[in-house]
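J.: One letter stands for each residue in the lines below.
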Amino acid sequence: MPEANVADVIVVGGGLMGSATAFFLRQRGMSVILLERGLVGQQASGTNFGNVRRQGRFLPQLPLANRSREIWGKLPELIGEDVEFIRTGHLRVGYRPEHVGMMEAYRDGAKPYGLDLELISGNALRERFPFIGPEAIAGSYSPHDGHANPRLSAPAFARAARRAGAQVVENCEVMAIERGVEDFRVETKTGAVFRAPLVQISAGAWGGRLAARFGEAVPIEARGPQMAVTEPVPYAITPVLGVTTKEKLEVIYARQVTRGNIVFGGTAHGPADLDTIRASVRPEVTLHQFTQLKRMVPALAQLNLIRVWSGIEGYMRDDLPVMGPSAKVPGLFYAFGFCGHGFQLGPGVGDVMAELIATGATTTPIEPFGIARFAGAA
Amino acid sequence: MAVHGAFAALAGKVEYLPETLAWNIQPGALHVARDGVARKLPFDAIILATGATDRLLPVPGWTRPGVYSLGGAQVSLKAQACAIGAKVAFLGTGPLLYLVASQYLKAGAEVAAVLDTSPNAARFKALPLMASRPELLVKGAALLWKLRRAGVPILRGVTPIAIEGDAEQGVTGLRVKDAQGRERQFGADAVAMGWHLRPETQLADLAGCAFEHDALSGLWMAKMEPDGRTGVKGVYLAGDSARILGADGAEIAGRLAASSVLMDLGIAVPVAEVTELHARRAVMDRFRRGLLKAFPWPGHLAAAVPDDTLLCRCEAITAGELRRSASALGAPEVNRAKALTRVGMGRCQGRYCGPAGQEVLAAARGVPLPEVGRLRGQAPVKPLSIATIAEDA
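Line by line, the protein sequences give chains A and B. In terms of our numbering, the first sequence opens at residue 1 and continues consecutively. In terms of our numbering, the second sequence opens at residue 1001 and continues consecutively.
Derived from the structure by calculation, the hints contain no laboratory data. Just so you know, not all the hints are guaranteed correct.
Straight line, CA to CA, 27 Å or less: simulated BS3-like cross-link-like pairs of lysine-lysine [stated by the list, open to error]:
| no. | chain 1 | residue 1 | chain 2 | residue 2 |
| --- | --- | --- | --- | --- |
| 1 | A | Lys248 | B | Lys1040 |
| 2 | B | Lys1382 | A | Lys294 |
| 3 | B | Lys1087 | B | Lys1223 |
| 4 | B | Lys1087 | A | Lys294 |
| 5 | B | Lys1125 | B | Lys1177 |
Owing to the predicted nature of the structure, the values given are computational and were not obtained by experimental measurement.
Modelling step: build the complete structure from the supplied sequences, incorporating the hints.
T.: In structure tokens:
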């Protein structure tokens, strides 16, 4: 009989990345222990906007996003639970001629990756999506993107992993990870000790602290994306909406859930504290979001805001995640710091990391995200 | 009237912002909105006197048209001169139950019944505490006598079964079990229900105040000293939002909080007056505890709400769905249960379903009530129109 606290792989951090990795490791027959400081999916994985969007990503990330999109399409059957994924399409609008240029360039760049985007100009855009405001002069439409419920997603993957035989331990903060001769020894705040020859750090905004303990410090900053939701109204806005622009303060995104509420976020971030584990919403940002939201969809001025929230997310200096094997410690893997664009990637990251951990290689390119890019830089 | 008089004397000495929503708070600044314009009001000290609202218990049929909270029924009568029905049944517990019933009687409505969930025995146990304010006991007895003389059935120790009715007519009556376990039916075209009040604590929460569980009421209250200090620098509490002491108690709490603010700002206050205020407040707090013993919150009834009864009205979530989050989904406390089921996620932000939801979750988990925690406050305190623009934008 195997020892209770020993497995092939220990995954540190039960966000969407860690939960999905645990699930796909079980699919490959590896034994896995998932350690979560609080409850699964409680931080950025549960508080993000819920976008299942490929359009607008760093182009070399599209193969990973495509692989993830395929998995989203296999839900709920794959994990046996519904996380409210729906294919609604994703529409980004532009306000100035330079935005049209950005859209065209992105469309041309995305095409070789199999992502087909449709550019729609002003009046045709409003004819098809009558709620879009008069300032928009063009739109870029991605028909196969959509959205899902972040509050449900990571817990559903973790439960599916548990049903498949993973050991999921919540309320179990990791205090020390030591590399021994044969395996890693992971000690938690509760005093429990776990052992495995392979370890994945998927601790989100806290990932940088753990990586630094292995001599791999990275430039990561914790910030709080600012989210909000309106009262429910009849379902009318199908696609997820966003803006193509280089001005961060113009970036607003919104989606309507079928129950009727409109979730939105964007513009600026708020402070996030890794020690108190709190991220607050700045009232000024909420008011600025109102302005940008009304610019994109003027009719939303008729609605009331009922709730705001934030979460703690890790942003890398180059706006790309850390993903792949450690450059220094054999058997150690990383998947953290997804810079506010990790939700769509989550299932794909889990699948790719499980492949990498199980086989030593991955069929999807992830080289741009390697931790070695920061060697000596942090 | 006294309030209006005292406030009139301040005219021109304070900036008065009526019809203003305080929707968020940060260290040193209150965020308000009025007439579609949002403003930031910096402060050195703030007294939060945000009042209280009805504490409700989900009962099968409680979302039918014609069911009101006790406070809502009273506002309708006093502020708009409208009765909620021609024949009204009153369900719940606490002094407000009898007060509003007698106000309806006086206004000419028929009172179908007064149905109190508190057992008779509770009243006797609470007498030593309630004797602290004998004049209020006399007032209460007079109310009861008026209701009885008018032939209103008054039942104590009832267990609500269901508020009856249909989509066409709304409420047609209600059924309860009496103290002897017999089923009783009362015809009515409206129901007013309430179980005391619950403090409105969202701003205190957003301001960073600590909270503690009060075993007597089963409610989470902002931590504070009797003088209104909260432990958060510059934030003070007074009135029903702090501790529910009634109108005259609120006045004393307000004077105490104001004295604390002055002292903390280095302005002298008459010590003897503050001492006397503390003594009077202590009497009222004793009476408050007596009331809670005489008219206890029926947590066991909340915990036993049938699975198919709506618990969260805003999001239309049943008690059964919340129980499922406790078992199948493993939610150990109310914020997790909210994330998984949406209980408390709607317009009211859990202000109405929160207390009953805590009971349901604690019972389903088999743990003491404080262990399932409380819903964390989130801005805006009340819905805020997206048409709102920032003053400096």
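J.: Below or equal to 27 Å on CA atoms is what counts here, so check Lys1087 of chain B against Lys1223 of chain B.
T.: 42 Å, violated
J.: What's the verdict on Lys1087 of chain B and Lys294 of chain A, does the C-alpha distance respect the 27 Å limit or exceed it?
T.: 47 Å, violated
J.: For a C-alpha distance cap of 27 Å, please report whether Lys1125 of chain B and Lys1177 of chain B respect it.
T.: Given pair Lys1125 of chain B, Lys1177 of chain B holds - Cα atoms ~23 Å apart, limit 27 Å.
J.: Take the C-alpha atoms of Lys1382 of chain B and Lys294 of chain A, compute the straight-line distance between them, and say whether it is at most 27 Å.
T.: 20 Å, holds
J.: Tell me if the straight-line CA distance from Lys248 of chain A to Lys1040 of chain B falls inside 27 Å.
T.: Holds: Lys248 of chain A and Lys1040 of chain B sit about 24 Å apart, inside 27 Å.
Consistency with the previously given hints fails for numbers 3, 4, ordered from lowest to highest.
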